[in-house]
Amino acid sequence: MAALSDHAATVFEGVVAEVRSYWAGSPRTIVSDVTLTSVTYLKGGPATAIATASLTVPGGTIGSWQMRISGAPELKPGEKWLLFLLPSYQTFPTVGIWQGALRIQEDGAGVARMFTSSGTPIYGDAESPPGLVDAARSREQFPDGGVSARPTLRNGAIPNDGPPAMTHSDFLCRLRPVLNRSRVHPKDPWMARCVQEPFLKTSLQPASGGTTISRLGRAARIENREQKGKSPAADAEHKP
Amino acid sequence: MKGFGMFIPLRLRFAFLAGCVSVFVSSAASAHSYYVLDGQPIRWFGNRCVRFLSPATFPPGSEADLHVRSAMGEWNRVAGTSFVYSFVRPDQDYPIDHFDGLNDTAAVPSWQLDPGVLGVTYLVNYGPEWFDTDILFSDLPGGAGYSFDVFPDCEVVTHPPTHGYSFLLIALHELGHGLGLGHDPLGTEQPGSSWFVATMNPRYPSGGPFGLENIIELHADDRNGIRFLYPHSGPSMPRRTDLAAAAYTSSSVVGRAVPIFVTPTEAYPGEVILLRAGIENLGTTNEFYVQQSFFLSGNDQIEPDDLFLGSLRWDLAIGDALSFDVNIPLPADMAAGSYFLGSILDDLDEVAEEFEDNNAAACCEFLTIKQLSPTIQPLGQHRATCGRSWTGPTPSVTLPSNTAPLSWTLDNPETGMTVDRASGVVRWPRPQPSPFLYTLFLRAANEAGSDTEVLFLGVDRAAPVLNPRADETIACGSAYASAVPILTAPDCMNPILLWSLDTATSGLSVNPSTGVVSLAEPLPVSTAMLITLRASNSAGSGTTTWQLRVSAADFNGNGTIDRPDLGPFLTCLKGPDIRQPGRCACADLDGDSDVDLKDISALQRDIGR
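Sequence lines, in order, name chains A and B. When the letters of the first sequence are read in order and numbered with the numbering used here, they come out as residues 1 to 240. When the letters of the second sequence are read in order and numbered with the numbering used here, they come out as residues 1 to 609.
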């Protein structure tokens with residue numbers, strides 16, 4: 001959270017009101033203007049508060065053409081988002097593409113809760129983190145030390161016994177002090193600015209110290225796979 | 001839009017357990033995702049995608065070139081799919097255009113990508129078909145650069161700022177996007193749901209490598225995804241059998257795989273540890289009742305002859321991938337130290353696989369078995385014999401392997417008592433008598449602490465043992481009293497309750513209190529007297545034996561028969577039947593009850609000796 005806050009020049013939440021895609025740029029690309037309403041700024045923002053914000057994001061749909069960026073959130077009308085915006089961007093306006101875009105969704109009881117851009121619940125530190133199975137519960141499952149395993153379904157949901165996502169209000173309580181301590185960026189312009197420059201093709205730079213670590217069995221494995229004619233490099237077909 | 005793939009029908013899976021391990025399957029939900037248009041997956045026409053490799057980024061023969069082609073090859077190698085990546089090498093670089101239909105594959109300066117972006121794929125479709133998927137890599141991701149290690153170990157993978165980001169992992173991930181796969185987990189999972197560890201995980205290291213040798217290959221979920229998008233065409237699915245132990249598993253951060261791990265990382269023998277591990281079926285065959293065994297090893301190479309902890313049996317259908325927690329009770333006793341915890345899938349080699357080198361995996365971090373302070377088993381009560389060298393019992397502790405090495409000491413040794421520091425055996429060359437039991441505190445210590453146990457030792461009185469006596473010769477007629485007998489260990493043998501003679505010789509007596517043997521009027525006899533003196537106490541008795549000779553004609557008692565003895569002898573020579581002085585019996589050398597000429601001859605003979 002601290003890293004997101006430091007990179008972000010503007011943090012706000014709002015409801016997507018409209019998405020309008022159009023051709024732009026040279027070379028060609030599709031971008032979308034996203035209009036958000038009910039905007040509340042948590043960091044940065046205009047000098048005088050306004051309740052709407054407009055954001056230009058790469059990607060969108062025009063007729064049969066669609067353009068996406070891998071991992072990027074797709075903002076749709078009616079959705080409420082909390083966005084960490086870069087001061088300027090090349091790829092996508094939110095910090096870390098999908099990491100700086102958080103969904104706010106109400107549960108069945110009308111409580112606003114926090115989710116990642118892909119809908120994964122966000123938890124507080126005091127609650128059980130997702131994906132971890134605590135040992136005590138496992139032991140309850142096998143009180144005699146374990147003679148059988150819990151059956152589960154292939155590609156099906158296991159029983160939903162995880163905690164609910166963090167509430168929106170709790171999240172803001174934790175976020176605000178972090179934002180207050182975060183790095184301040186120049187306020188003009190206050191909205192993420194797209195820096196559209198032609199990409200420069202270049203070489204990949206090796207790490208200074210990390211490329212020569214050898215492992216036991218490494219040579220043996222290479223030899224083994226080469227003997228089987230399964231060297232992966234040989235499998236990609238060269239089309240001159 | 002993205003959608004779920006549902007390639008594999010719902011299927012019950014069971015784990016069969018042996019030994020003491022138990023398991024909790026935590027990751028079996030969710031699946032690969034892919035991009036859709038109106039609910040239908042977007043695919044490459046003809047199941048082929050031609051990538052244009054930037055000459056600046058991928059000079060032919062360079063490490064970068066080898067790795068990107070290897071990554072494409074990994075996708076091509078998935079059995080049961082008809083998709084093919086191929087590549088073109090343009091003569092020179094040209095501007096990147098997301099709508100030119102050329103699938104650019106290139107690195108760009110990191111400043112041209114946003115902070116934290118390692119690589120990005122621009123995906124353009126026209127209707128339900130892909131038109132252009134440009135993959136751009138940051139040239140210096142995270143300011144650290146790339147690792148081109150083909151088999152990066154967990155140190156490399158988990159510390160990219162130090163070792164660089166694995167280009168092979170990143171390239172595999174972006175090429176997954178390039179053929180139409182989205183991130184997994186997708187995110188429509190319910191709170192608390194689990195997720196697959198896969199190349200298409202959104203966070204670096206995106207599923208990570210497999211096995212002990214850190215093999216970077218596609219995970220089961222990725223394979224399911226490409227098989228769904230581009231299913232095998234033909235009469236039958238090619239049969240490939242390959243089971244693998246994942247080196248990475250799910251973590252508390254959804255979508256971020258971490259090296260398989262154990263909690264806690266420090267434990268005592270007998271405690272239960274929890275291993276988070278993963279196994280996958282990378283092949284196209286269903287495998288049933290596959291054994292997975294868990295081991296502790298002194299090095300990071302898990303072998304079947306390492307310390308066996310337990311085993312599981314799994315049914316692994318096509319495309320199965322499991323992350324699970326295994327409760328593993330540690331052996332009740334085992335040496336303290338650092339171990340690698342790991343497992344071998346199909347350790348009995350019951351399944352013939354295409355690749356057997358990805359079946360074992362180990363945690364990156366040590367499992368430290370802590371040392372317990374020793375607990376000495378009860379030593380009981382022992383008895384020694386006074387004055388006789390005593391060796392105590394070999395003490396034992398409850399957990400000898402874990403508590404070793406031990407240093408043994410005695411808190412209160414008696415004089416002369418020693419203890420072997422290595423074995424704890426107490427020795428006492430000369431036990432001393434005591435009316436009470438000795439209470440000895442034997443202490444065993446190691447780095448974790450120490451323990452004492454009481455050793456009770458009683459010292460018994462010893463049966464009398466007498467010093468040997470030299471044979472004696474005494475003068476005839478002179479009263480005899482032996483020297484006071486000497487016990488070999490008076491402290492251990494006194495008091496002597498009774499001195500007695502085993503032999504009943506006429507005139508011979510013993511003082512029952514002192515053991516002094518006396519003879520009032522020794523007379524010559526033809527053979528030496530054999531005297532056996534016996535001393536008796538509460539523990540038993542002992543004897544000493546010596547010979548006593550009475551010299552017949554040594555009248556003056558100087559120890560030899562010589563000329564001065566001749567005068568007294570002649571006084572006794574009065575003839576037959578004449579009363580003779582009492583001591584003249586000593587002159588009857590031939591024992592015929594008369595001192596006569598025959599005795600003179602004997603005397604002369606003795607003098608001559």
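Some hints could be false.
One side only, chain B facing chain A, incomplete, derived with CB under 8 Å [what the hints assert, rightly or not]: (1) G61; (2) A64; (3) A107; (4) P109; (5) T121; (6) G164; (7) P202; (8) V351; (9) T409; (10) D411; (11) P468.
Quick caveat, the hints were computed from the structure, so don't treat them as lab data. Remember, it's a predicted structure, so these values are computed and weren't measured experimentally. In this text, a Cβ means the ideal position worked out from N, Cα and C, and glycines have one as well.
We went through each hint and held it up to the structure:
The restraint placing G61/B at the interface with chain A is violated, with a minimum CB-CB distance near 11 Å, outside the 8 Å limit. Proximity of A64/B to chain A holds as hinted, the smallest CB-CB distance being about 5 Å (cut-off 8 Å). Against a cut-off of 8 Å between C-beta atoms, the interface hint on A107/B holds, since the closest Cβ of chain A lies about 5 Å away. For P109/B, the interface hint holds, since its Cβ comes within 8 Å of a Cβ in chain A; the closest pair sits about 6 Å apart.
Because the smallest distance between the Cβ of T121/B and any Cβ of chain A comes to about 4 Å, under 8 Å, the interface hint for this residue holds. Nearest Cβ of chain A to the Cβ of G164/B: about 2 Å, under the 8 Å cut. The hint holds. With its C-beta approaching chain A no nearer than about 6 Å, P202/B sits inside the 8 Å limit, and its interface hint holds. A hinted interface residue such as V351/B counts as satisfied when its beta carbon comes closer than 8 Å to some beta carbon of chain A; here the least separation is about 17 Å, so the hint is violated.
A distance limit of 8 Å between C-beta atoms decides the matter here; for T409/B the minimum to chain A is near 40 Å, and the interface restraint is violated. Below 8 Å, beta-carbon pairs count as interface contacts, and D411/B has none with chain A, the closest being about 41 Å; its hint is therefore violated. With its C-beta approaching chain A no nearer than about 70 Å, P468/B sits outside the 8 Å limit, and its interface hint is violated.
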